[in-house]
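Visitor: These protein sequence lines map, in sequence, to chains A and B.
Here my numbering is used: the first residue of the first sequence is 15, the next is one more, and so on.
Here my numbering is used: the first residue of the second sequence is 13, the next is one more, and so on.
Accuracy of the hints is not assured; some may be wrong.
As the list claims (entries may be wrong) - Which residues of chain B face chain A? A partial, calculated answer using Cβ under 8 Å:
1) Pro18
2) Gln19
3) Pro132
4) Lys133
5) Leu134
6) Ala143
7) Ser144
8) Val152
Said to hold, decoys possible - Some chain B residues near chain A, calculated using beta-carbon distances under 7 Å:
9) Ala137
10) Gly142
11) Leu156
12) Ala233
No lab work stands behind these hints, which were simulated from the structure alone.
Beta carbons: idealized from backbone N, C-alpha and C, even for Gly.
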Amino acid sequence: MTLSVSLKHAFGGFDLDVTFQAPAGITVLFGPSGSGKTTIINAAAGLLRPDTGCIVSDGWELFDTAKNHWLPTHKRRLGYIFQEGRLFPHLDVRQNLLYGQRFAPNSAPREDLGRVVEMLGIGHLLARRPDMLSGGEKQRVAIGRALLTSPRLILADEPLSALDGAHKAEIMPYFERLRDEVSVPILYVSHSAAEVARLATSVVALDQGRVVQTGPAAEVLNDPMLAPLGVRAVGALLEAVVTAHHDDGLTELDVGGQRLLLPRLQRETGSRLRIRIPAHDVILSRKRPVGLSALNILHGTVERVRSGNGPGAIVSLRISGGTVLARITRRSATALDLEAGVECYAIAKTIAVAPEDVGRG
Amino acid sequence: MDWLSPQEWQAVLLSLKVSFWATVISLPFGVGVAYALARGVFPGKLLLNGLVHLPLIMPPVVTGYLLLLTFGTQGPIGAVLQDFGIVLAFRWTGAVLAAAIMAFPLMVRAIRLSIEAVDPKLTEAAATFGASPFQVFRTVTLPLILPGIIAGAVLAFAKAMGEFGATITFVSNIPGQTQTLPSAIHAFLQVPGGESSAMRLVLISVALAMAAILVSEWVSARIAKRVAGK
Chain A
15 MTLSVSLKHA
25 FGGFDLDVTF
35 QAPAGITVLF
45 GPSGSGKTTI
55 INAAAGLLRP
65 DTGCIVSDGW
75 ELFDTAKNHW
85 LPTHKRRLGY
95 IFQEGRLFPH
105 LDVRQNLLYG
115 QRFAPNSAPR
125 EDLGRVVEML
135 GIGHLLARRP
145 DMLSGGEKQR
155 VAIGRALLTS
165 PRLILADEPL
175 SALDGAHKAE
185 IMPYFERLRD
195 EVSVPILYVS
205 HSAAEVARLA
215 TSVVALDQGR
225 VVQTGPAAEV
235 LNDPMLAPLG
245 VRAVGALLEA
255 VVTAHHDDGL
265 TELDVGGQRL
275 LLPRLQRETG
285 SRLRIRIPAH
295 DVILSRKRPV
305 GLSALNILHG
315 TVERVRSGNG
325 PGAIVSLRIS
335 GGTVLARITR
345 RSATALDLEA
355 GVECYAIAKT
365 IAVAPEDVGR
375 G
Chain B
13 MDWLSPQEWQ
23 AVLLSLKVSF
33 WATVISLPFG
43 VGVAYALARG
53 VFPGKLLLNG
63 LVHLPLIMPP
73 VVTGYLLLLT
83 FGTQGPIGAV
93 LQDFGIVLAF
103 RWTGAVLAAA
113 IMAFPLMVRA
123 IRLSIEAVDP
133 KLTEAAATFG
143 ASPFQVFRTV
153 TLPLILPGII
163 AGAVLAFAKA
173 MGEFGATITF
183 VSNIPGQTQT
193 LPSAIHAFLQ
203 VPGGESSAMR
213 LVLISVALAM
223 AAILVSEWVS
233 ARIAKRVAGK
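Extracted from the complex, chain B is given alone in its bound form (with noise of 0.2 Å):
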């Protein structure tokens, strides 16, 4: 692959990776929340689903400050968890939580409509049937929101790959080890003759979302189409 220079194509990479980890496993927690949002009855909920909105309207900068806050070394989830080992802040994984943060709202929003959408007679009908709580959830409500999970999912990752300010700020934009596509693009604009590199991203950058949306609607369309038993 020499259409790229081994900077760029670093950066593409780096940008893939962050973004599936970042999808993965923010998954269960996007379920989890999406369904005690749609179905929950808790004291608390509202807090709950302004706290999961919150990087949705609040400037990137500003998650990336309060992460850098909370999950620097020097912050009280950073130096818990440097005792065990783990640093966030200016390494590869912390860009995936700043991602898992930004994303997150988007993918709760997803599977919580297909959750919503799910008839609450069907799940009172497994249940009569025998199948407790969690067996109800596995064989009805699951297979259900299929759609809106993937859909959530592709959203997430689509998102998680063009984050910038949440990121830049929390793990700073080095190369080959937190230097994403966007922060790759930010950076070849910076500097005189980049702009050839920067375009070059640009438009793998174009491709990738286009890819994940187009990829996105094929797999619900498939499944929507086998739930609804068509």
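One chain only, chain A, in its complex shape (with noise of 0.2 Å):
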């Protein structure tokens, strides 16, 4: 296992009591505010000194209170995108980019200026200010400074959460080239659903301190357990191969052999995608439905039915190409009588799928 991660820690009230193990890749921190992930990423930056425990990534061990090792935030080799970026305004993008590189030991592996450069596109960016940068830029430079720290642990504190939805949709394709490019860990804050389905290698699900779930992205967003951390957060994700785009805007897309059509999207033809088809969108029907508007019906066998104390239920759909989850009422589930074993079909708007639900596969 590449990242290690095992903590206790007791403050006002709250206790924090974690241990996983992830691969290389982007490991996601999931989770509502007051979940305990902003205590995991600051121990593991050495901002807040927790009562036990001990991180390690790729062999390189930050601490361990057990040895009662300890080495403070700057020998730590980390490579940190915040939140909100954090350049240093009083220097411009190239200086910004080689902050971290005067510090690093000279026995570091170099990353090259040029290639990281033209890997975020901000080659026209070199000479200019901070406050000349739109946050999409400015958020690019900072993945850029982290890279070039030659860093043995990436952190990234919610690092879309202050942009709008375009600058989203224009940051989250270098995350993705991130992790799967680089071989350094990458330890993810986020309590955004359509980005742990995007970007995740492994997700831990963080519920008051503990670890609610852990496993791989689709493993992980699949299970209905993850509903009290927010009914949006609840989601199947499917691999699928972009087949056709076709005249009327629609790209079709290959899930396991069925057809499903998503708004156009800029792809070619043959690549892999990953999608997140949300619960709350998805109906289902016992029988194949005719004269229906909706164009994605995708057919499989019941797995289970899960229902808790209110009037929801959620029921996992085992497809071809995986699972699809749709929450329905506990009414419907009966009178429908869902249970294991059954065959059913399952019906997503086209638009159900938003664009930031699409990532690379």
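Starting from the two chains in their separate frames, assemble the complex, guided by the hints.
Guide: Take a look at the structure:
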């Protein structure tokens, strides 16, 4: 395991007790505010000293209270991407990018400025001052600065939450490239299910200082037990391949042999995608519906039906390409006799999948 | 320069020299104390703050007399310094000490305000990128507070140029040795026919003060622009 975290910390009535391991790529700490995400990332950054615990990133031990080992923040070899960018106002973009490089040990592998600048598309910004940049440009520079520090752990604290929708969409692909092209573990704090769906390699779902669920992104997101973390968070993650672009503005995808139509996606035919279909946008039918405006009808078998104390229930539907979740009422579940093994159709409107829910596969 | 008598000229030059050294020597301490007051957490912070501001509140003659008691050749520190061949009382060097102490609160105030204006999130960020506390100060805090340091230094210089009460009490008013600009004005006003000399020095005083303010405004505006990246 590339990233190993074990922490216990109690303060002011809040008590954190988490242990998780994660493979390379982006590990998203996911949960509502007050769930302990910030405490974990602060402990990783050395800004907070937990009561007990240890964090090891790719064999690099940041601290271990049992061994009385504690690296101060500046010796941790971090690349931190902050929520508000935090570029240095008195330095231009190039100086900001290179800020951390001079402090890295000579033995550290040097990331090439040219490569990073090209990857982030910020070549034309190098001579500018931070206050001349848009929010999205600032965040791209912040990603570059973190990479150029030669980090052994990259921390990202809600790096998209200060951006509006358009700028979020602008930055997400860069995080996808970061995930796919950089070998350093990335600890990423988020409370957005869309970000988790698109970016996460693995997810650590937190609630009130405890790990609720941890594992690969699709597995965790498809778990209806996440419902308490916010209904909108529940949704299925599917792997899809672009098969065709139609003249009427729709893009056709293949999900395990079934056809899915989405509003035009700027992706090449044959490219792999991850898409997230929120559970509350899916309806179910026992028979193949006819005369329906919804274009996306997926056939599958009910895996299980979970209901809580409220009027709602979440149905997991096994389809050939993965799992789809539907949030329906308990009354409907009873009326349709939904139970494990029953054949069923899931219906999703074409526009149910938001652009931010579509990512690189 | 025959529009000033040798004595007047001496007083002007001495004041410039005293103020220059008072500013230069106290500046590192000013930055250090301002930083400690702005960011430090330590017992006795209130006491340090009070001590620094004391010369601003106390009658200058009291400060001068306390300096004489402490740094005079019979004083606890003065006696030790004398063993090393350093005498401050009734020397121009003593005028530097008096001016520095009197100007110190103004200098610390200006620098402290600029340090408090630096976003701690930026220094925190610098640390995460591998900068040690000293490197954080050198590469982030210092460039950002430069306008405040310059404002503090110019303010201190102007204050030192005008220092009178503590100086005359500690080092007296010896022409050519400890007679600064204000002391000279005071001396000229005590003798019949000295008014025109006094008036010339007063005009120089006003001009220097005005120039100091203009220079400080200009320099800090330029640096603020550079620091803010506009």
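Visitor: Does each hint fit the structure? Answer for all of them.
Guide: Now for the hints, and whether the structure bears them out:
1. Against a cut-off of 8 Å between C-beta atoms, the interface hint on B:Pro18 is violated, since the closest Cβ of chain A lies about 48 Å away.
2. Evaluation of the B:Gln19 hint against chain A yields a violated restraint, the C-beta minimum of about 47 Å exceeding 8 Å.
3. Because the smallest distance between the Cβ of B:Pro132 and any Cβ of chain A comes to about 11 Å, over 8 Å, the interface hint for this residue is violated.
4. Contact between B:Lys133 and chain A, as hinted, is supported at the beta carbon level, the nearest pair being about 6 Å apart and thus within 8 Å.
5. With a cut of 8 Å, the hint placing B:Leu134 at the interface with chain A holds, because the nearest CB-to-CB distance is about 6 Å.
6. With 8 Å as the threshold, the beta carbon of B:Ala143 comes within range of chain A, its nearest partner Cβ sitting at about 6 Å, so the hint holds.
7. Annotation: interface hint on B:Ser144 holds; nearest CB of chain A at approximately 5 Å, less than 8 Å.
8. At its closest, the beta carbon of B:Val152 sits 6 Å from a beta carbon of chain A; the interface hint therefore holds under the 8 Å criterion.
9. Hint on B:Ala137 holds. Least Cβ distance to chain A is approximately 4 Å, under the 7 Å limit.
10. Nearest Cβ of chain A to the Cβ of B:Gly142: about 3 Å, under the 7 Å cut. The hint holds.
11. Because the smallest distance between the Cβ of B:Leu156 and any Cβ of chain A comes to about 6 Å, under 7 Å, the interface hint for this residue holds.
12. With a least beta-carbon distance of about 15 Å to chain A, the hint placing B:Ala233 at the interface is violated under the 7 Å criterion.
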